[in-house]
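For chain A, the structure is supplied; the task is to place chains B and C on it using the hints.
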Amino acid sequence: MQDFLEAFLNWEIMREASPILWAGLRATLLLSLLVVPLGLLGGITLAVLSTLPSPFIKWPLRIWVDTFRALPPLVLLIFIFAGLPFLGLEISAWSAVAIGFFLNTGAYYGEILRAGIESVPRGQVEAARSTGLTAAQTMRFIVLPQAVRNVLPDLISNTLEVVKLTSIASVVALPELLFQARQAQSVTYNASPIVAAAIIYFILLWPVVRLLSRLENKQLAARR
Amino acid sequence: MTPARPIVEARAIHKHFGALHVLRGVDFSVEERQLVFVIGPSGSGKSTLLRCLNRLEEPSSGSIIVDGIDMLDARTDINKARQKIGMVFQSFNLYPHMTALGNVMLALRKVQGLDKAEAEARAQRALERVHLADRADHYPSQLSGGQQQRVAIARSIALEPRVMLFDEPTSALDPELVGGVLAVMRELREDGMTMVVVSHEMSFARAAADRVVFMADGEILEQGPPSDLFSAPRHERLRAFISQIERH
Amino acid sequence: MTGWERFTDSFFNARVMAQYLPKIIEGFGLTIVLALCIIAAGLLAGLSLAVLRSFALRPLNWLIIFVVDLFRALPPLVIIVLLFFGLPSMGMELSGFASAWLALTLVLMAFSEEIFWAGITSVPKGQWEAARSTGLGFLQALGFVVLPQALRLTIPPLTNRTIAITKGTALASVVAVPDILGAASSGLSHSFNPSPLTLGALAYLVLFFPVVLLGRWIETRFAWKR
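Chains as they are written, first to last, in our numbering: chain A, 1427 to 1650; chain B, 30 to 277; chain C, 18 to 243.
Okay, chain A solo, but in the shape it has when bound:
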């Protein structure tokens, strides 16, 4: 038991590591604030594009989305970060992460929003258009708001996943929370900094998990 506490819950080491852990947390939060809107933007674009009837748009779009759903995000990230320099492009860890997340999470948000758009009854569009609203206005004021409300739990769930995903940025040495924790661990040969990081992630994300659980249960009860 004593061994366990020393190896995993060593307060001394945690305290020593806290400055860089806080710096890591700040980076994680900043990163999340960057990639979530990027992903949503990509997602909305993809979802709106998918409503266009032309098969020349539908099929490439479908392939694009499925490709980025099939490719693990870490692979994409390393591909961008390690690969682009060979083309003579210098790319920072932040940029690589931004691009990688935009492509990957955009595809996931896109699928969710597409399902949301499809769940809005056609009658809504017909009513809007027959009052003279353009297609773009209909999408913006009538369809999208309802679409988002319909798939809100899925959107929140995916956002939670995106925030958790920021931890892979540690692999390309972006100084977010996990990276800092691993640095501290390798210097002290003690896992406590990683435990501290885990606790911080938990405190940060658990409220969202609980909220999500409640939302999902409400949806279930309504469907019964």
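If you're looking for bench data, these hints aren't it; they were derived computationally from the structure. Just so you know, these numbers come straight off a predicted model, no measurement behind them. Glycine is no exception: its CB is placed at the ideal position from the N, C-alpha and C atoms. Be careful, since some hints might not be right.
[Said to hold, decoys possible] Quick list of in silico lysine-lysine cross-link-like pairs, DSS-like style, CA-CA up to 25 Å:
#1 B:Lys113 / B:Lys139
#2 C:Lys142 / A:Lys1644
#3 B:Lys109 / B:Lys139
#4 B:Lys145 / B:Lys113
#5 C:Lys142 / B:Lys139
#6 B:Lys109 / C:Lys142
#7 C:Lys142 / B:Lys113
#8 B:Lys145 / B:Lys109
[As the list claims (entries may be wrong)] Going by beta-carbon spacing under 7 Å, a handful of chain C positions derived as facing chain B:
#9 Ala147
#10 Thr151
#11 Gly154
Below, chains B and C without anything else, positioned relative to chain A:
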């Protein structure tokens, strides 16, 4: 005639749902081969009383003895006891992923441990009794409401229960399907089954019931032969209730 | 060298690809094995937890909900790193493969428990009552009547979630497991050429693209309104 020990004997049943006092000291008994009809306004507690008899609801206090078994004793094997009590629900509750035959066979195989051939034979016979032998391989979604309810009845009688409980068996049926189910219930009665029926089908009560029990606000207000109750109701609330029903 | 030639020389270098193809194929096999182990253990554990939860024992349920919340909130990579780098200081050694397997199994367990539970609770109460009133015991009612109906509802969300989590096998490369990404990364650093990465990405697409399509098909097939 020597008074036989009632096959169902419920004494001093109280049931609380939170702050709601749904059953207030109900004494209820049924003799063998009797058909007892329970009527009353919604919220009177009649369904709750029925569901206490096979312990689908737990009474807050009181005692329930069915065919000599103390239903509320912790040592009683409740699953064994329930084989002797058949229950038919308002919403049929047939298993959608099994055929009619499958629905009837399940308990025969898993609870009574019969082998496949015997269970199938027994199930087939039960379906014949409700006149649905030719629909044995149909799924519930392929059957009308009345047919589903009859399969539900077959599912219960296949276990050869000593008493059958009916919780508003025809309330969810289209009017033209009600007759088929009532006909099966009448045949069960003629075969000597002990039955407790919660229902609004007053003409059925008049024709087939041995005793009618009127409940309101968690209490039994009046009971007796249907002729007495319907033509000469003594209790004020019963009179009001009957005139409301007759209006339809 | 023109821009295009530079591109193909870096990312589609046939010589380098041929050199590292065997390692990538080995990684492919390893990724599949790892994924199957995760799916088997994770789904079984999740189903077990959901069944335990249906016993409605308060203190047990608090524990289950806490564990599920925990593994839904923590990033998988953090769990992998914690197991791989942390356990040795307690005298326990977990290989990279085992760390990745255990971590992702726990995550799949948590997510699948929620999905199974949602399925079980959406089976109408009347089905339980009908089954119990014919004398079927609790487990019999669960096994023959409730779960078969619940499972139908769980298949679309379960497929999606399982796909997402098994892509996490790529994280195993971080703890030196020679899966596809691991093989590709080491190919990159040994040859100073990103072609192994291209090969690795293609390998992942070969593996997961059909799975994603299968997931889409399952979703539409099982979009069954009660």
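Check: Is the hint on Gly154 of chain C kept, meaning its closest Cβ partner in chain B is under 7 Å away?
Finding: holds (5 Å)
Note to self: Check the hint pairing Lys109 of chain B with Lys139 of chain B against an upper bound of 25 Å on the C-alpha distance.
What the structure shows: holds (12 Å)
Notebook entry, point to check: Can the restraint linking Lys142 of chain C and Lys1644 of chain A be considered satisfied, given a maximum Cα separation of 25 Å?
Noted result: holds (17 Å)
Next item on the list: Take the C-alpha atoms of Lys142 of chain C and Lys113 of chain B, compute the straight-line distance between them, and say whether it is at most 25 Å.
Entry: holds (22 Å)
Notebook entry, point to check: Should the hint that Ala147 of chain C touches chain B count as held when the rule is a Cβ pair under 7 Å?
Noted result: Hint on Ala147 of chain C: holds, closest Cβ of chain B at ~4 Å, below 7 Å.
Next item on the list: Take a quick look at whether Lys113 of chain B and Lys139 of chain B sit within 25 Å of each other, Cα to Cα.
Entry: holds (15 Å)
Next item on the list: Starting from Lys145 of chain B, check that the Cα of Lys113 of chain B is at most 25 Å away, please.
Entry: Given that 25 Å is the threshold and the Cα spacing comes to 21 Å, the pair holds.
Check: Does Lys109 of chain B lie within 25 Å of Lys145 of chain B when you go C-alpha to C-alpha?
Finding: Holds, because 20 Å separates the two Cα atoms, which is no more than 25 Å.
Next item on the list: Return the status of the interface hint for Thr151 of chain C: holds when the least beta-carbon distance to chain B is below 7 Å, violated otherwise.
Entry: Status holds, d = 4 Å.
Check: Holds or violated: Lys109 of chain B with Lys142 of chain C, Cα cutoff 25 Å?
Finding: Between Lys109 of chain B and Lys142 of chain C the Cα gap is close to 21 Å, so the pair holds against 25 Å.
Note to self: Checking one constraint from the list: CA of Lys142 of chain C to CA of Lys139 of chain B, max 25 Å. Satisfied?
What the structure shows: Given pair Lys142 of chain C, Lys139 of chain B holds - Cα atoms ~20 Å apart, limit 25 Å.
Of the numbered hints given earlier, the model fails none.
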